[in-house]
Amino acid sequence: MKYSNELKVGVAIVLAVVAFVLGTRYFKDVPLLTGMYDMYTEVQDAKGLIPGNPVRVNGVKVGSVRSVEYRQEAGLVHVAFRINNRVSLPEGTSCSITGIDALTGVRIELELAPAGGPTLPPGSLVPASSGDEDFASELVARAPLLVDRVDSVLFGIEGTIGDVRQMAFDPSSDLRMSMAALRQSANTLNTLLREEKSNISSILANVDTLTGDLSQLTSEKGDSIGVAISRLNASMASMEQTMASLQATTTKLDGILQRIDDGSGTLGRLVNDPELYVRLDSLLTSVDGLVSDFKNNPRRYLREMKIVDLF
Amino acid sequence: MTVTLPRILDPFVSLGRFALLLARAFRSVAELGRYSKNIFEQMVRIGIESIPIVALAALFSGAVTTVQTAHQLVSPFIPVSIIGAVVVPSVILELGAVVTGFLLAGRVGARIAAELGTMRVTEQIDALEAMGLNSVGYLIVPRVVAGVIMFPVLYIVACVVAIAGGIFVGHYTGEVPAGEFIAGAREFFRPFDAVFGLIKSLVFGFVITAISCYKGYYTRGGAEGVGRATTEAAVTSCVYILLADLILASTLL
Chain A
1 MKYSNELKVG VAIVLAVVAF VLGTRYFKDV PLLTGMYDMY TEVQDAKGLI PGNPVRVNGV
61 KVGSVRSVEY RQEAGLVHVA FRINNRVSLP EGTSCSITGI DALTGVRIEL ELAPAGGPTL
121 PPGSLVPASS GDEDFASELV ARAPLLVDRV DSVLFGIEGT IGDVRQMAFD PSSDLRMSMA
181 ALRQSANTLN TLLREEKSNI SSILANVDTL TGDLSQLTSE KGDSIGVAIS RLNASMASME
241 QTMASLQATT TKLDGILQRI DDGSGTLGRL VNDPELYVRL DSLLTSVDGL VSDFKNNPRR
301 YLREMKIVDL F
Chain B
1 MTVTLPRILD PFVSLGRFAL LLARAFRSVA ELGRYSKNIF EQMVRIGIES IPIVALAALF
61 SGAVTTVQTA HQLVSPFIPV SIIGAVVVPS VILELGAVVT GFLLAGRVGA RIAAELGTMR
121 VTEQIDALEA MGLNSVGYLI VPRVVAGVIM FPVLYIVACV VAIAGGIFVG HYTGEVPAGE
181 FIAGAREFFR PFDAVFGLIK SLVFGFVITA ISCYKGYYTR GGAEGVGRAT TEAAVTSCVY
241 ILLADLILAS TLL
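Just so you know, the protein sequences line up as chains A and B, in that order.
Residue numbering for the first sequence follows my numbering, beginning at 1 and increasing consecutively.
Residue numbering for the second sequence follows my numbering, beginning at 1 and increasing consecutively.
Hints were generated in silico from the structure; no laboratory data involved.
We put the beta carbon where it would ideally sit given N, CA and C, even for glycine.
Just so you know, not all the hints are guaranteed correct.
Said to hold, decoys possible - In silico lysine to aspartate or glutamate, EDC-like type, Cα no more than 20 Å apart, as pairs:
#1 A:LYS28 to B:GLU180
#2 A:LYS47 to B:GLU187
#3 A:LYS2 to B:GLU41
#4 A:LYS8 to B:GLU41
#5 A:LYS8 to B:GLU180
#6 A:LYS47 to A:GLU69
#7 A:LYS28 to B:GLU187
#8 A:LYS28 to A:GLU6
#9 A:LYS221 to A:GLU240
#10 A:LYS28 to B:ASP193
#11 A:LYS47 to A:GLU111
#12 A:LYS197 to A:ASP208
#13 A:LYS61 to B:GLU187
#14 A:LYS61 to B:GLU180
#15 B:LYS37 to A:GLU6
#16 A:LYS61 to A:ASP38
#17 A:LYS61 to A:GLU6
#18 A:LYS252 to A:ASP262
#19 A:LYS2 to B:GLU49
#20 B:LYS37 to B:GLU115
Claimed, not checked - Here are the in silico distance ranges between beta carbons for each label pair:
#21 B:VAL74 to A:VAL17: 35 to 43 Å
#22 B:PRO177 to A:LEU154: 46 to 54 Å
#23 B:HIS171 to A:VAL18: 23 to 31 Å
#24 A:VAL21 to B:GLN72: 30 to 38 Å
#25 A:VAL17 to B:THR122: 37 to 45 Å
Please put together the full structure from these sequences, using the hints given.
If you want it as structure tokens, here you go:
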């Protein structure tokens, strides 16, 4: 089936018009299908409210501001806004303009009266409440209190400063006496400096000469200092070697001692076997007896001994 | 006696000829009913058949605008919903109409100029006149009327697709959630922007079709002349779109 050109064009135009109308409503934040109704309020201060700002109930958006205009004859700002058909405003509902312009945007906050009673007809006035204060107005309300407290703080500071001043000017106060002592010390120091000026300058001159000499020494004898350092380096190196061999020796000695301690080898047994000591002791006792006997009766032993075999 | 005018006056001659052609066209509007079949054919060619390419271009321009706006917003103090508040007015005010205009200057303008130019160099227009038909009423008026009616339609298509593309790309690249985008767009939406965009597209439709018809209608010099007329129609339409854009923005906004 071939569609006629007229049909194609007609369908395209209708679709475009529908898209335009719905798109505009969508971005104007007007519900696409359900309707809205107008209400208005009158306030002293619009707080920067502009058309398009949201109207909220309990933090939920239910409409938007249509127009904000100042009416000179009444001296009030007339704010017209639209509310979604699904939300009805019971009588006794009030509204307030809240929010800070630069931070969260200004909005109208509706405070619905309890449902059940008669509702406000479209196009009627929603009274602005003065009870609900936002952050900024709260700040303003608290300002006098704050001022009082700042005042008392300042009063306290003033008292403290008065005390300090009194201490500074009363000759018997601690501060004054400390200051006087400090001044005396400074005077003494001053006098001392003046009297010992020549000594101090000569000391300084000596220090100067000393550092000069030292500098000359290092620059002149730089080579020999270098040689000395290199020799010292060599000595250190050989010392290092010595240390290494000493280390090796110690390790070996350690091994030997270990073995002695273990009781292996002659020396080990000598050290560790208590029986040896006992036997040695009895041997020595016998030898002692033998020697004393020998002393008493040498003939007994010498009888058999030829002293001079030669003869 | 013909007087050779200095070349410096050529633009004025062209403007005068253009104005006279338009005047003839307006006089022929009365005969519009006689050529209604022709009008619908032109509407389909200029409008309906251009929808796919316009939608494609709009999709990408919306998506690119979103991504680039997101790229430029580096401060953590600026809410991401600002992206929606930047992209939607840009599309409605400028991109929707101008991108569509440029595309159609190439697609529609060149076609109109080539058609009319060929008819002129093959003397078909002279033949129409000889048969007693009003060539301007038959050839030019339906095209211009079709352009003026269908361009706003194409503009709406472009806006819808571009904004949808922007929301889609912003949402799925994670730059800005769809809800934030729309919230930002709503916060700064002014209904007059959409009306202004419609006015722009209407004017662009007229500029493109009228200039292309003029270039085609006054083609001279055989096949080469047709080629030149086609090029001139596309280029001149683009230049005058920009000029009309500036004039409209400075007078209506």
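Earlier hints that do not hold, by number
5, 8, 9, 17
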